[in-house]
Amino acid sequence: MELSGAEIVIQSLKDEGVEHVFGYPGGAVLHIYDAIFQQDAVKHILVRHEQGATHAADGYARSTGKPGVALVTSGPGATNAVTGIATAYMDSIPMVVLTGQVPSPFIGSDAFQEVDTVGITRPCVKHNFLIKDVRDIAKTFRKAFYIATSGRPGPVVIDIPKDITDPNIKIPYEYPKKVRLRSYSPVSKGHLGQIKRAVDRMLAARRPVFYTGGGVVLDNADEQLTELVRTLDFPITSTLMGLGAYPGSDKQFLGMLGMHGTYEANMAMHETDVLIAIGARFDDRVTGQIAQFCPNAEIIHVDIDPSSISKNVRVDIPIVGPVKSVLKDMLKVVSEHKKRPDEEALKQWWAQIKRWRGTQCLKYDEKSSRIKPQFAVETLHRVTRGDAFVASDVGQHQMFAAQFYPFDKPRRWINSGGLGTMGFGLPAAIGIQIAHPGAEVAVVTGEASIQMCIQELATCKQHDLPIKIMLLNNGYMGMVRQWQEFFYDGRYSHSYVEALPDFVKLAESYGHVGMKIERPEDLEGAMKEAFSLKDRLVFMDVIIDPTENVYPMIEAGKGHHEMYLPPESELV
Amino acid sequence: MRHVISILMENESGALSRVAGLFSARGYNIESLTVAPTEDESLSRMTLVTRGDEAIIEQITKQLNKLIEVVKLVDLSEGSHIEREMMLIKVKAERAHREEVMRLTDIFRGTVIDVTDTSFIIEMTGKSSKLDAFVRAVHEELVVEVVRSGPSGIARGAKGLTL
Ligand SMILES: Cc1cc2nc3c(=O)[nH]c(=O)nc-3n(C[C@H](O)[C@H](O)[C@H](O)COP(=O)(O)OP(=O)(O)OC[C@H]3O[C@@H](n4cnc5c(N)ncnc54)[C@H](O)[C@@H]3O)c2cc1C
Ligand SMILES: Cc1ncc(C[n+]2csc(CCOP(=O)(O)OP(=O)(O)O)c2C)c(N)n1
Ligand SMILES: [Mg+2]
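Chains as they are written, first to last, in the numbering used here: chain A, -10 to 561; chain B, 211 to 373.
By construction, these hints were calculated from the structure, which means they are not laboratory data. Every residue, glycine too, gets a C-beta built ideally from N, C-alpha and C. Check before you lean on any hint, since a few could be wrong.
Unchecked claim - If you want the ones that stay clear, here's a sample from chain B, every Cβ over 12 Å from chain A, calculated:
| id | residue |
| --- | --- |
| 1 | S227 |
| 2 | K282 |
| 3 | D324 |
Unchecked claim - To give a feel for the contact side, a few chain A residues facing chain B, derived at Cβ under 8 Å:
| id | residue |
| --- | --- |
| 4 | H116 |
| 5 | Y173 |
| 6 | S177 |
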């Protein structure tokens, strides 16, 4: 088969099993767009901004586990994509981003729409390539997809100069079957000796707790995790990124930990004697002050990336390996072990946890005449029977969604944790809905966040995506306002979002359905109606109490046992 | 503590900037860095000198290993090893000083490789500390310019850092 460079780009995507590409055209990628035009195996989703393309590819990847693919032009196309690439990088999301580049002979000459894409993206990709020869396209694609999806996943950028895709130069095409990189070989199994040591410690624990994260979701190890946790009858808490890997409504689940984690989860962390960290990276939002982190615990840490281990917190038993395979080995070692968990100690531990739960750290004023954001999320949970894909933006609404929508399945909770990118939610939902055409996809957002990628409402129209947007409209950059209230004596410097558009009209002008909901008693009915419109995007502008804060809260740099609790909680 | 890290990596154009970028992005310091192709021209060998406590050095080696183009690396400071650096130094050598400079060069086993009426260029290899000592020994006013390669390192013994 003789193909041009542009055709090889498309054929390589097909051979990788790619069905959707999120993109935006421009000069440097015109040859590629022409090749896209002449086939229909790879479907192209036209977005309205390159940031949207990368977030959509990212949402696609998070919700399926398959790599997301974005295609953008050189220069401004590439720079617009950077935020989305960095977002995926921070959360270890497999993604391949194709960027056009000026023709090779012009590279370095400040040519029209030239930027050093490889240089700009280097610190926020797992790897990147500049293709210099049409004969290298297929093998570079093979490597890029392999690198993006294996080991600790991450985004890979392929920069493609325009002359490389010249439609007039045809060469024989063959997609490499195998890929081998002598300098890259991710571990495929954990060290059995270490696993046995870890299990010995786990079975001797008196106050154990599982602390799990995004790695469990990324490795599709939810079943193994659930089995192990239930077998041992240990309590479990999860990071923001791990929610759904263990059923959120299960009785062993303590809720999220960290800055906005539950009282019981954080106290359990503070008191535990054996911490079992799985696919989590000891982020500062989770650890708080390192000196006070798990002061009494021996720490077991399973992670595929050696650099995650002992990066922020010294670990006692490191296990480098993929979560799924390590959990399988752990299950086997546990089942063959002579010892059982210490029932008496566990009973006391659970009794202690029950006391902590009695604090009711997530309590809010349910009788308020204004819509409380917590109530709105609970209503969303009810109306969607806890089974929707929920994409979120960044802010208070994100925390409320994480706290009040218990996710029972992995890959349902889609949010930007590491970079905290406002504007992520709507385009991510596009990727999710494209990957799951019949599914219920909701966006939980704020009036500030949604305006960062609002133009993607047009993408939703063009591609008939019946996403349901729940805007928790508090008129503030709530998360910023909360910090200003707590730590700056209420000096609300530039956190009030003035000159808001009429979101109902805005939605309508994009061809969607808009709703404004102001009273608690109207919310459920309106939401049901919204979700009954199966083929329409509905934009629900939910006017909430502007003064509501996210509790519990641990101030940055404080210990787990030092939490602000809501005024309604039993301890206050 | 000072650590000498020896890295075997793919001889590709971007590889060096990935290493340099990693150090600046993560705030590690680089004291020196030398790089050149090896006998296998698809590979290059880098010697990198850095400083940090144990935890930082552990992160540095892990982060370097994580770079896709890094094939292998070893922290030479963990075992017994040899370090050599090369220096080219241009000194003023007017009549009154020629003798003295020559004598110093001999003592330090350097070689004069360029001579004019008023200057010498001296080539010298050795441990970095020896080169430091030579520079100190030559009268400050006589030094015109100093070009140093930064140390290259290799582990002692039969085993090599190879594929
Ligand atoms: C406004 C805001 C507030 C936040 N508040 C909180 C909070 O209260 N609590 C909280 O938890 N987070 C919070 N976050 C998120 C936080 O910033 C981090 O993103 C999050 O804590 C990191 O989650 P994680 O440790 O699960 O790591 P991830 O970023 O999900 O990393 C996954 C880890 O798993 C490893 N891994 C990947 N694949 C595998 C595999 N196959 N096998 C083994 N290991 C693997 C990776 O190497 C990595 O170490 C907040 C974010 C925002 C924006
Ligand atoms: C792109 C970007 N800019 C700034 C921030 C800092 N930031 C975090 S939350 C937040 C406010 C979000 O406001 P809104 O979307 O209304 O959500 P709310 O907190 O009110 O629920 C800001 C500005 C960010 N996370 N991302
Ligand atoms: Mg707001």
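Results for each hint:
1. S227: violated, 7 Å
2. K282: violated, 8 Å
3. D324: Non-interface label stands for B:D324: nearest chain A Cβ at 35 Å, farther than 12 Å.
4. H116: Since chain B brings a Cβ to about 4 Å from A:H116, closer than 8 Å, the hint holds.
5. Y173: holds, 5 Å
6. S177: violated, 17 Å
In this structure, the earlier hints numbered 1, 2 and 6 are contradicted, and the remaining ones agree with it.
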